[in-house]
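Model the placement of chain B on the given structure of chain A, informed by the hints.
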Amino acid sequence: MNWWIDRLASALHSEEREAVLGDLEESGLCGWRAAVQVGGLVARRQAAPWMTPRPWVGLVGIAGVCGASLAGLAMSLTRDAGMQARTWWRYGVRYHTGLTGTEDAAVVLTLIAALALWAWIAGFVLRRLSGGTEGTILVALTGLWVSLGGGFLLLVPAWLGARRGRREHWPKAAAVAGLLMAAAAWWALELRMQGLVRWSAGTLPARGPNGWDALGLAMACWPAVYILAMSARRMSLKAAAMAMGTALLAANACAAEGVKTALIETTARVEAPDFALPDAKGQTVNLSALRGKVVLVNFWATYCGGCKVEIPWFQEFETAWGKKGFAVVGLSLDEGGWKDVATFVAKTGVRYRMLIADKAMLDKYSFDAMPATYLVDRKGRIAARYFGLVDRADIEGKIADLMQVP
Amino acid sequence: MIGEFEYLLLATASRLGEDAYGASMRQEIERATGRACSIGALYTTLDRLQAKGLVETWMGNATAQRGGRAKRMVRVTESGARAGAEFYRAVQAASRGVAWAGGGVK
Numbered sequence: 003m004n005w006w007i008d009r010l011a012s013a014l015h016s017e018e019r020e021a022v023l024g025d026l027e028e029s030g031l032c033g034w035r036a037a038v039q040v041g042g043l044v045a046r047r048q049a050a051p052w053m054t055p056r057p058w059v060g061l062v063g064i065a066g067v068c069g070a071s072l073a074g075l076a077m078s079l080t081r082d083a084g085m086q087a088r089t090w091w092r093y094g095v096r097y098h099t100g101l102t103g104t105e106d107a108a109v110v111l112t113l114i115a116a117l118a119l120w121a122w123i124a125g126f127v128l129r130r131l132s133g134g135t136e137g138t139i140l141v142a143l144t145g146l147w148v149s150l151g152g153g154f155l156l157l158v159p160a161w162l163g164a165r166r167g168r169r170e171h172w173p174k175a176a177a178v179a180g181l182l183m184a185a186a187a188w189w190a191l192e193l194r195m196q197g198l199v200r201w202s203a204g205t206l207p208a209r210g211p212n213g214w215d216a217l218g219l220a221m222a223c224w225p226a227v228y229i230l231a232m233s234a235r236r237m238s239l240k241a242a243a244m245a246m247g248t249a250l251l252a253a254n255a256c257a258a259e260g261v262k263t264a265l266i267e268t269t270a271r272v273e274a275p276d277f278a279l280p281d282a283k284g285q286t287v288n289l290s291a292l293r294g295k296v297v298l299v300n301f302w303a304t305y306c307g308g309c310k311v312e313i314p315w316f317q318e319f320e321t322a323w324g325k326k327g328f329a330v331v332g333l334s335l336d337e338g339g340w341k342d343v344a345t346f347v348a349k350t351g352v353r354y355r356m357l358i359a360d361k362a363m364l365d366k367y368s369f370d371a372m373p374a375t376y377l378v379d380r381k382g383r384i385a386a387r388y389f390g391l392v393d394r395a396d397i398e399g400k401i402a403d404l405m406q407v408p
Numbered sequence: 002m003i004g005e006f007e008y009l010l011l012a013t014a015s016r017l018g019e020d021a022y023g024a025s026m027r028q029e030i031e032r033a034t035g036r037a038c039s040i041g042a043l044y045t046t047l048d049r050l051q052a053k054g055l056v057e058t059w060m061g062n063a064t065a066q067r068g069g070r071a072k073r074m075v076r077v078t079e080s081g082a083r084a085g086a087e088f089y090r091a092v093q094a095a096s097r098g099v100a101w102a103g104g105g106v107k
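Residue numbers (the working numbering), protein chains in the order written: chain A, 3 to 408; chain B, 2 to 107.
Keep in mind the hints are simulated off the structure, nothing from the lab.
Glycine included, each C-beta is placed from N, C-alpha and C at the ideal position.
Please note that the accuracy of each hint is not assured.
20 Å max Cα-Cα, derived SDA-like pairs, lysine to any residue [to be verified]:
#1 B:K53 / A:A50
#2 A:K295 / A:G399
#3 A:K295 / A:E273
#4 A:K349 / A:A303
#5 A:K174 / A:A184
#6 A:K283 / A:G339
#7 A:K341 / A:K326
#8 B:K53 / A:T54
#9 A:K295 / A:G339
#10 B:K53 / A:G339
#11 B:K53 / A:R47
#12 A:K361 / A:A303
#13 A:K262 / A:K341
#14 A:K295 / A:K325
#15 A:K326 / A:K361
#16 B:K53 / A:E273
#17 A:K341 / A:K325
#18 B:K53 / A:P51
So these bits of chain B aren't anywhere near chain A, every CB distance computed over 12 Å [unchecked claim]:
#19 Y8
#20 L17
#21 A33
#22 T34
#23 A42
#24 E57
#25 A71
#26 R83
#27 V92
#28 G98
#29 G103
The shape of chain A in the complex, shown without the other chains (with noise of 0.2 Å):
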């Protein structure tokens, strides 16, 4: 027999290899006719597994889905690297990024450590939706190839994952690796934005990472809840779907789109209702006395889930400008008033002032959603009204508009 038939024979079972090259070798079929049959048995053997839709998950979930994902990351990083290395080998010195070099380095290799280890574990899911033969999962590793672009270097992990995708084992340590990788990812993509505020000397505004952040980190984090699912249930592709389904609608309802609006004309511009309340400690706080200041009023109440959401940004929000003539007053409508408030403070750490709304300051700021957000001046005059979850960026915005008016 010819080695190259022997060869082409290789991709088949061990027992049937041996069963068709025994029949070749009996009816005395050799060279061209012999491959056209190994040949043809080869191809209906590959072609096989795709006439499943798992292959096609595998191939649309991991090589589409994760793998752009994963060349977004890994093409962001890439120019980062490059401008670090070429500003190095042209000037001598270290790009500035607002970071020290340590903290640069943390932020690089968390992001090469977590690209790995998610190509890692997409190459075995890969192996495990392609059924196996080696025609699926080269096809499927061509199409992540193809989707990872400027992450080419990702194959090698990638590979290496698919390789131990053969095994009967679900590797359940490095799927909560891969979870924890995304915490570290975002906590590096934060620290990387907080630079850029100090690079800028506080002119852009401290915007932490998004929601189109978060649904690209579950887009390249799907595989590992795969994982985490299959290994604790021994679900099929219901499970592929539902782990896949809930990542893409939690980090969804990240992205949502908050309310945006434009600055009220200054001639426009209605006084803001002043109001009298005491905080936490007894101490009176009025409006009146933060003239002078750009001031967020926001009125919220702990059952209310957007509010949740916005608290702990208004809070950056005054950590980073409240020295800068920036204050923020929060207003709880809840009916148990310190009792639920005083709760949720300690809990989430707001060190702003949180006072209880009282009727009359309802009557005076007309609403009919909530969170309701207002942008205040340093005049004293409402310059922005936001009802509804608000749009980050859209605020920051407004506020440093704001701040720059004396």
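Below, chain B without anything else, positioned relative to chain A:
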């Protein structure tokens, strides 16, 4: 109801008895039909029949004639025999009175 190629495999394996394996079945089918039978079609259909419980297969002994390689032996199960008989009866019933089936031509 099984397909026609599945029937051919069942009938051939049944006739060959203990000598039923890949090469002998392929040769027998080609002789009976006068058409080429590919190894790909033979082995994938055998897998299907095995999955349906109509045949059993196992690896036999290696022979010098086959370059020291083992055979994939085939045996028709009881279910396979019933399925073959059912197919044959259906073909007979459908062919009754048909010109090429011989006898009873209208």
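Tested hints:
Restraint check for K53 (chain B) and A50 (chain A): the C-alpha separation of about 17 Å stays at or below 20 Å, so the hint holds. Using a Cα cut-off of 20 Å, the hinted pair K295 (chain A) and G399 (chain A) holds, with the two alpha carbons roughly 16 Å apart. For a cut-off of 20 Å, the pair hint linking K295 (chain A) to E273 (chain A) stands: about 14 Å separates their Cα positions. For the given pair, K349 (chain A) sits about 14 Å from A303 (chain A) by alpha-carbon distance, which is consistent with the 20 Å threshold.
Between K174 (chain A) and A184 (chain A) the CA atoms are separated by roughly 16 Å; this keeps the pair inside 20 Å, and the hint holds. At most 20 Å may separate the alpha-carbon atoms for a hinted pair to count; K283 (chain A) and G339 (chain A) meet this at roughly 14 Å. Distance hint between K341 (chain A) and K326 (chain A) is unfulfilled; the C-alpha atoms sit about 32 Å from each other, more than 20 Å. For the hint linking K53 (chain B) to T54 (chain A), the alpha-carbon distance of about 18 Å falls within 20 Å, and the restraint holds.
For the proposed pair K295 (chain A) and G339 (chain A), the alpha carbon gap of about 27 Å is over 20 Å, so the pair is violated. Taking the CA atoms of K53 (chain B) and G339 (chain A), the gap is near 70 Å; set against the 20 Å cutoff, the hint is violated. Between K53 (chain B) and R47 (chain A), the direct Cα distance comes to roughly 18 Å. Compliance with the 20 Å bound is thereby established for this hinted pair. At roughly 14 Å between alpha-carbon atoms, K361 (chain A) and A303 (chain A) fall within 20 Å of each other, so this suggested pair holds.
A distance of roughly 33 Å separates the Cα atoms of K262 (chain A) and K341 (chain A); the hinted pair therefore is violated under the 20 Å criterion. In summary, the hint linking K295 (chain A) to K325 (chain A) is supported, as the alpha carbons are separated by about 10 Å, within the 20 Å threshold. In summary, the hint linking K326 (chain A) to K361 (chain A) is not supported, as the alpha carbons are separated by about 32 Å, beyond the 20 Å threshold. Distance check on the hinted pair: K53 (chain B) and E273 (chain A) sit about 82 Å apart at the alpha-carbon level, beyond 20 Å; violated.
Between K341 (chain A) and K325 (chain A) the CA atoms are separated by roughly 30 Å; this puts the pair beyond 20 Å, and the hint is violated. The suggested pairing of K53 (chain B) with P51 (chain A) holds, with an alpha-carbon distance near 18 Å, which does not exceed 20 Å. Under the 12 Å C-beta cut-off, the non-interface status given to Y8 (chain B) relative to chain A holds; the minimum distance is some 20 Å. The beta carbon of L17 (chain B) sits about 14 Å from the closest Cβ of chain A, which is more than 12 Å, so the claim that it is off the interface holds.
Non-interface status of A33 (chain B) relative to chain A is upheld: no Cβ of that chain comes within 12 Å, the nearest being about 16 Å off. With 12 Å as the threshold on Cβ separation, the claim that T34 (chain B) sits away from chain A holds: the shortest Cβ distance comes to roughly 16 Å. Not every CB of chain A lies more than 12 Å from the CB of A42 (chain B), the least distance being 8 Å, so the non-interface label is violated. The non-interface label for E57 (chain B) is consistent with chain A: the shortest C-beta to C-beta separation is roughly 14 Å, beyond 12 Å.
Non-interface call for A71 (chain B) relative to chain A: violated, since the shortest CB-CB distance, roughly 5 Å, does not exceed 12 Å. Non-interface call for R83 (chain B) relative to chain A: holds, since the shortest CB-CB distance, roughly 27 Å, exceeds 12 Å. Residue placement check: V92 (chain B) keeps its beta carbon more than 12 Å from all beta carbons of chain A (closest about 27 Å). Every C-beta of chain A lies more than 12 Å from that of G98 (chain B), the closest at about 39 Å, which supports listing it as non-interface.
Against the 12 Å criterion, G103 (chain B) stays outside the reach of chain A, whose nearest CB is about 34 Å from its own CB.
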